[in-house]
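From first to last, the protein sequence lines stand for chains A and B.
Heads up, the first sequence stops at 675 in my numbering, and the numbers go up one at a time, no gaps.
Heads up, the second sequence stops at 857 in my numbering, and the numbers go up one at a time, no gaps.
It is possible that some hints are incorrect.
Said to hold, decoys possible - Computed list of chain A residues with no C-beta within reach of chain B, every gap over 10 Å:
no. : residue
1   : Ala258
2   : Glu272
3   : Ser415
4   : Ile639
Stated by the list, open to error - Have a look at the derived ranges for each label pair, beta carbon to beta carbon:
no. : chain 1 : residue 1 : chain 2 : residue 2 : range
5   : B       : Leu699    : A       : Ala30     : 19 to 27 Å
6   : A       : Lys451    : B       : Asp689    : 51 to 59 Å
7   : A       : Gln156    : B       : Leu699    : 47 to 55 Å
8   : A       : His16     : B       : Leu699    : 18 to 26 Å
9   : B       : Lys686    : A       : Lys451    : 15 to 23 Å
10  : A       : Ser520    : B       : Asp689    : 43 to 51 Å
Unchecked claim - Simulated pairs of lysine to aspartate or glutamate, DMTMM-like, Cα-Cα distance not exceeding 20 Å:
no. : chain 1 : residue 1 : chain 2 : residue 2
11  : B       : Lys756    : A       : Glu412
12  : B       : Lys756    : A       : Glu418
13  : B       : Lys686    : A       : Asp413
14  : A       : Lys257    : A       : Asp209
15  : A       : Lys8      : B       : Glu845
16  : B       : Lys679    : A       : Asp562
17  : B       : Lys756    : A       : Glu457
18  : A       : Lys504    : B       : Asp737
19  : B       : Lys756    : A       : Asp470
Hints listed in this document are in silico derivations from the structure and should not be mistaken for laboratory results.
Yeah, the Cβ is synthetic: ideal placement off N, Cα and C, and Gly gets one too.
Spelled out from the first residue to the last, the chains are:
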Amino acid sequence: MKDESLRKSLHAIARHDIPENINLWPRLVARLERKKPFAVQPKWKLTWIVLLVLLGLSGVTGVAYAFYHFFNDAGLQSVSDAGLISTVNATALPTRLPTSTPPEPVTAIGESQTLEGVSLTLNWVYLMDGQQAFGFSVSGLKDGKTLGIPLMGFGQLVPKQYRGASLAIKDNAQPVAGTYVVNQIVRDARTFEITDTRTDVSIDIPLLDGNGQVLNTFRFDVKSELVHAGPFTGGNTYSTLANGLGMSLDWILLSSKAVQAQLCFTPPDGKEWRLVSPTIQLGADPNQVASATPVTASSSTAVTTDGGVRCQVVTFPVSATGEQAFSLTVSELSTFTGEVVKGDWTFNWNQLPNEMQFPGIASLETPLGSENIGNDMTVTLEKAYADINRMAFVVAIKSPEEGFVVSSATLEDASGTELNTGLGITSPPDDPTRFTIEFFPYNEFVANQFKGQLAVEIWSQLGGSSALADAHFALDLPVYPAIVFDPMQTVSANGVEMMLQRIKITPSYAQIYLCFQKPSSTDWTPGSSTSLQVGADKANIGAYTLIFDPDIGGNLKNTEPDWNPPNKSDRCVKMGFSVGHHSQPENVTLTISELEQSMAEVTPPDQLQAARQQLLAQGIDIDWETSSGNGGGGGGLVIRQKPAGMTDDQVMQLFYEAMGYYYPGPWSFTVEIKP
Amino acid sequence: MDEKQAILCLKRGDIGGLEVLVGLYQVRAVRTAYLITRDAALAEDVAQEAFLQAYRSIQHFDPDRLFGPWFLRCVVHAALKAAQKNMSHEDHYSREMTLEELFADGASVEEQVEMTEFQGHVWSAMQNLTPRQRAVVVQRYFLDMSEKEMAAELETPPGTVKWLLHAARERLRSLLSERISR
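Just chain A, with the same shape it has in the complex (with noise of 0.2 Å):
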């Protein structure tokens, strides 16, 4: 695919859908007649306080917490430290905001059938288009019985787009329960556009002996069973591609005894190839899974071959019993006669079936507790701060239920209207009650003072489709200012001109102008270690903006009206750092390393393989690979090896600098400011 040729299509697609006279004016006018009400009470009005206060506040309320990201962030804890940060505690009783529409809950089925002296219970079905799943209880599984892995049928409609089933089976408890899920596409393509779809279902349950032979087979059938419109989704790798050969997960079967999966691969050539020593780490979240110790397969079957594609069930000796995500990885291919193919090929899954949320599980299973927000909780604004760049403010839920979280947050000022701004909220890792939020406003804040209001979203930490609650506070915070200096330094490095034009510097935040000759006509940039030190505190570049060059229109898009370019020749760039001034003369340093140039949009293979040559020489071994997922997938560079102690980040800079992408300097400027 060429860029072009997505470009093209794009413009074209909202063109086609999107037509030219489309006409909003009607319905804004509508809405604009329509008077804002300005609902918020204000419960309390920000009282400034000294640092003496502020610290001992700290100290006895208990509030620490909330320091730990202010004291992160250079330029938080410099305004800290200087007394200009508000310790508030101002609470609110967050009001309950009306959910969406649940989703239809599963069918519940509740049949019941026994055969060889086991029962199984069909306990619900549920079908969206992109995925079907059911979930059922067992007993008397005795003798080494066991249940082999499931195929639905759904009538006249043929399934499209396999993309991998997995069942779990919770057999550390009685009775014995499980779920299955299978990735494809169920749809009637004749009505799926004009009303809903329904199916037969028919579900067949293998029952295994202790040897994997078929004993009988539950079956059960469900009649016109509605089609969800669900969304696609996943995160589960079903076939990856490495050294030119693709290998497929088809399905996993979890339990608390051993994990099993099917993998299938079109062998190079006619010859009897098998996997060699399959691993697989599993952990709870998909962030514990790179930590988890791999576990080797202890068996394989036979492989069997369909079509020339080659199937082989390997299994792994470990408990998935609590695990949400899994690993499993493919080293190489090999003959009897020590040929070898290598991988790797690996399958990350993160959308297992023992956790996942089928709506109207809840009320058959085990309640959601979280997401009954209860009138007793509290919501409390502890700090905040303001200057003309940067709004930061410290929130505490209190609660006697967990799982609340702050996922959104608006500022609005006095007249109601919600300021335009990038957002960001964080929460520290030992106290998931309290959050940062920052907001950075797309235009500078204007007034000395600020007068509105903080509304915070509250969400259960499950997610959902909507905020449970919010809660607003009343605020009068005084709005520093910036100050603005213009060095005019120049420095020279590797045969590159830079000039330091403008710092522009708040207690909290610093906005850097810089303007430079580009190594070549290419989109070169500050690279990403850039970093500023003012006085003890150092940040790295945090925000960027082109503002003018030469080769694409000079001052672009008038993003700084008061500003004019030092050199018409040269591209100037302002860069934003969490880090502030300390309102005394000190030094301002900024430090370059190198300019780093945008990826190329299409790799060219013989860059790649140069790339990984030069790597190779380091110790450094990666591939390229490409695979696709239901819902997930993508590609992208694989590290294969690298030396002891060295990071993946570091890995991406040598390959970034093996590509060209980087132009090193390093230039760097030291300026004495006087607020």
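Assemble chain B onto chain A, guided by the hints.
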């Protein structure tokens, strides 16, 4: 009334200024939102909200700046937010070509049909990107933003945008290969 005059009017409280801006930017705004949300009605809502937000924020806007980039940035943000909140929505897209479109330019009918099929594949593939991936594709290829502008816009390190864009492109490439080879 040009764009700058419209902004000045709006700053004075004359709603006629907003009408001019709506006339200038509504189509591009709705199209941008549509490519991210995949829902025409939702895209219109997003664009309306963005215009209302612009109306409320206009006192902070410098009339010497271009309105378009600032406004479309708001649209991308709002569309991304809407798309993320509407993850359960799945549109059922079908692409049919009108005769007028078919003969709209000088390309042969075969080329037109081929291009339309490709567009259908692109659109289907776009549905399988995450909202964030769709947003970067739209910013890059529909709004023609540079990676660095996107990084600033998404408040993301430039390297993240680079890889987000790369992953989105690779994902599209892979999906398109699958679809076209079928």
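Practice problem: Please name the hints from earlier in the document that this structure breaks, with their numbers sorted from lowest to highest. | Solution: Hints 3 and 6 are the ones this structure does not satisfy, whereas the remaining hints hold.
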